[in-house]
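Between the sequences and the hints, there should be enough to build the whole structure, so can you do that?
Reading the sequence shown from the start, the letters are residues 0 to 902 in numbering that gives the first Met the number 0.
The hints are simulated quantities; they were obtained by calculation from the structure and are not laboratory data. Where hints are given, some of them may not hold.
Lysine to any residue pairs mimicking SDA-like chemistry, simulated, CA-CA at most 20 Å apart [to be verified]:
#	residue 1	residue 2
1	K547	A514
2	K385	A514
3	K855	E865
Just so you know, these numbers come straight off a predicted model, no measurement behind them.
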Amino acid sequence: MISTTLKIRLLASGASAFALAMASAAIAQTSPAPQGAPPAAPAADEASQVEELVVTGFRSSLSKALDLKRDSIGAVDAIMAEDIAAFPDQNLAEAIQRLPGVTIDRVGGEGHQITVRGLNADFTRVRINGVDAIATGGGNRSRGFDFNVFASELFNSITVRKTQSADTPEGSLGATVDLQTGRPFDYTGFKAAGSAEGSLNSITDRILPRVAGLVSWANEDQTFGVLASVAYSKRQPVAEGFNTTRWQGRDATDNFAGCTICTSPAELAKVQNAFYPRIPRYTASKIDSERLGLTFSTQWQPSDKTRFDLDVLYSDLDQFTESPNLEAISFSRSNAAGVGSTIVRDYALNDRNTFTYGVFDKVDVRSENGIQRDHTKFTQVSLAGKHEFSDRLRVKGRIGVANSAYSMPEQISFQLDRNDVNGYTYDARANDRTPIINYGFDVTNPALFTLTEMRSRESTALNIVRTATGEVEYDVDEYLTLRGGINAQQYVVKYRDKSRNQTLTGANQVVGVGAFAKVVRFGRDFPFPGGDRSYVVADIDKALAYTKLLSYPLIVQSGDTRDVAEDDLSGFGQAIVNATVLGGMPLKADFGARVARTKLVSKGFVNTTYITAKNDYTDVLPSMNLSLEPTDGVMLRLGVAKVMARPTLGSLTPGGSVSATTRTVNFGNPDLEPFRATNYDLAAEWYFAPESLVSVAVFYKKIDSFIASKTTQAVYSSLNLPTSLITSAGAVPSDIFDVTTPYNGTGGTLKGVELQYQQPFTFLPEALKGFGFIGNFTYVDSNVNYGTQAAPNYNKLTGQSKTTANATLYFERDKLSARVSAAKRSGFLTGYPGSNGNSEGGTHGSTYYDFSTSYKIRDNLTVTLEGINLSDEYTDAYVDVADRVNDYRHTGREIILGVRWTY
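In C-alpha cells, the structure reads:
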C-alpha cells in the first residue's frame, strides 16, 4: 500500500503541476493568433473587461490593502478578504505573517500567536470590531491573543498599526491589530456564499471537514441590513517528536551515585559536571480539535448623518489531546531516589560538555499516558454609533464586552513505573535530535510495571474585557481638525484550579498493570533511529474504571486561585492637519497626547493566606505622525510616540503556582509597573505603478522599563509552601526547585529595518501577463537588561528573530488564480536567563512553504486546492548556547481540496 505521506507528496506534486498546467493553459488561451490568421475584431468593452479582472480575487485584496496603507498617516499594513467569506489564508495568524515584520508561533501545526517587529504577543493589542479582546486557549495566562480560536472565514480585514497615535488606546509597544468581521453594508442587496473543504494531513489518514457560509441583506437605500455567517472545522493533527524537558548539569545536588568506567577522580568530576537530559523521551500527541464560529451584524442608518452598527461574534474551540510517553524519570529527580542512586556504566561526552552516549544502571523508567480536554468559548457584543451634527462637527461612540472563558474540564494521567533498571542506554552520537533509546527490559510487558501515581486536574481561566469609548471631532477649517475623546476599559481575570492527585505507596500500588494497559507504537512519519518503539501505557478509560480515581475529592489548589481586576481610564486630545507645504507637497499629520490611569486590584494566596494587593500608575503619552508626498507616488513618513504595555495579567497576582513534575515555582508580583518605551519610525514609500510599491522603514525603540524574570534555585521547604502541592509527583520537601519571579528591570533598545516590494508583472509580454510578486524582509536587533542595574545581564528579546522574510509569487488571469508563498524566520530566544545551568532557551529558524490555487468553473462556482507546510518543517527547540535539544517535532503537511459558491 502507498503510505499516507507518499500520497500527500504525490498530491502536493500533482497540485503544483495542476497549477502550472492551468497557468500555461490560461496563457495559451490568450496568446497571439498564429501568423496569417485574420486579426480578431476588438470588443468595444475590452478595456473595461480587463480592468474588471484586475480588481478581483487575490490581486484585488492586495490592491485594497495598498490603498489603505498609502492613505494612512501612520505606518499601517493590512490584509483584505479576496471575496465574500474568503480570506487569503486558512488561519488568521498565518495570514498576518505575510506582512512585513510579523512572525508567528505555531501550536499543533496551526498559527497561534504573533510577534511584530521583534515584540511578542504580550506587547500587541488586538481589537475585534473596535473592542479590545483577549482570546485565550490552553495554558495562556497572558494578554497575548490566540488567533487559532477563530476561523478566518468570519473576517473581512486585518489592519496592523505599527505607529501609535493619540486616538488609539494605549497598551502596545509593538502594534495594534484590528480584526473586522463582515457587515451588511459591505455588500449591496442580497448576497450569499458557502464553502466546503476536506483536509488531509500527511501523518494521519483521515479527510476532515471545513465548511463556512454567509448570508447578507441590505435594502436598496442601504439604510438597514443584516448579516450572519458561520464556520466549522475539524482537525486531528499529530505532533510527534523527541524532547528532553531541559538538561541538567553543574549542580552538586544532582551528582550520579558513581561511574564504574571512570579511572580517576578527575574523570569522575568531568562526568559529574556534564549535562544530561532530564526526561528524554519520544512523544506523539494526538490532537482532536473542533472549532465553531458565528457572527451576526446589523446596521441601521436612519439618516445620512447617523448610523448604528451592532456586531456579535461567537467562537467555540474544543480540543482533546492524548499524549503517551516512555521516559527515564529519575534523571529529573535531584535526590537520592533520582540521579543520586544512578550509576554511569559507560559514556561519551562532546566538546560542549554534554552526554551524547550513556549506559546507566539504577534508572527509574516511567510509562505515562495522559489526556487533556481544552475548551475555549469566546463571546463578544459591541454597539457603535456615529452622528454628524453639521458638516464640521461629528461624534462617535462604542460600547462592548468580550468574554473569553477557558476551561480544562479534565486532565487525567496514570504513571506506571519500573525502578532501578540496569542497562538503560541513551545514544545520540549519530544524531542528537533523534537519539537511540533502549530501556534495558521488555517495555511491552505490563507485568513488569507498577502503578505508582494517578492524577486528575480541572482548571478554568475567565477573561472579561468591558469597553466604553466616546469621541468628538471638529473641523476648524479645511486644513485642521481637532479630535478628543475618552476611553474606559475594565479587565477581569479569574483563575481556578482543583486536583485529586494520588501518590500510591506500599500495598496501594498495583503491581502488574495488565488489567488496564495497552501497547502503543511511536511515530508514523518520524525518522525513528531504532530502539524501543512500542511500549505499555495505561488505557485511560480502563484505568479510571479500575482505580475509581474520579471518586476522590477535588482539592482546591491555592496557588492557582487568583483574581485580577484592572480599571483603565484614558483621555486624549489630537490635532489633524491636511495641508500642502513647500510649493504644493501634500502633508498629513496628527499631533496629540493621551493620559492613561491604571488601577489594579489583585488577589491570591500567599502560603495559606488569601490576600488583596493594590497598585496604580499614570502615564502621559504624547505622539506625532507625519506623512509627506514630495512628489507624486512618493510618501515619506515620520512617527514619534511614548508608549506603554501593561504587565501580563497572570503575573500581577500575589502567590504563585507550583509544578512538582518539572520542579518549578512561579510567583506573581502585583507591584509591577508597565513596560514603557519611546518609539521612533521613519519610512519612505514609492508607489511607482498601479498596485505597486517599493518601501523602506526604519524603527527604533528606547525601552525605559522592562519586566524581566529572575530564576533562582531553592530547597522547596524554604519557600513556606504546602508540602501537599508536590507529593503527587513524587517530589519531597528537600528537592531543589527553580523559583521564578517577575520584576521591573532597567530596559534596553530595539532597532530594525523593513523592506517591502509589491508589483503585478504587467510589463511582461501579453502571453505571460498575470504573474505578480509581493515580498518583504525585516531585520531586528534588540538589547535588553534581564538583570539589574547593579548586575546587568543583556540579551535580545524573547520571541525576536533577527531576520524574517516573506515572499509570494502569484498568477491571476481569467478563471485561474494560483500562488506559492514562503515564510522564513531566523532563530529566537524562548527563555532567558536559562535554568538548570543552561544559558538560555530558544528555537532554531524555520521556513514554511504554502500554495493555493483556485479555478472558476462558473462565475459563482470555484474549485480550490491548497497546501500548507509543504516541506513538513520541524520545530527545533534547544537549551543553552551549546545547542542541547529540548524539543524536536513535526505535525506534517496538509492538503485541502474544496469548492466555493457565491450568489
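Results for each hint:
1. K547 <-> A514: holds (14 Å)
2. K385 <-> A514: Violated, at roughly 68 Å.
3. K855 <-> E865: holds (15 Å)
In the structure shown, a violation is registered for the earlier hint numbered 2 alone.
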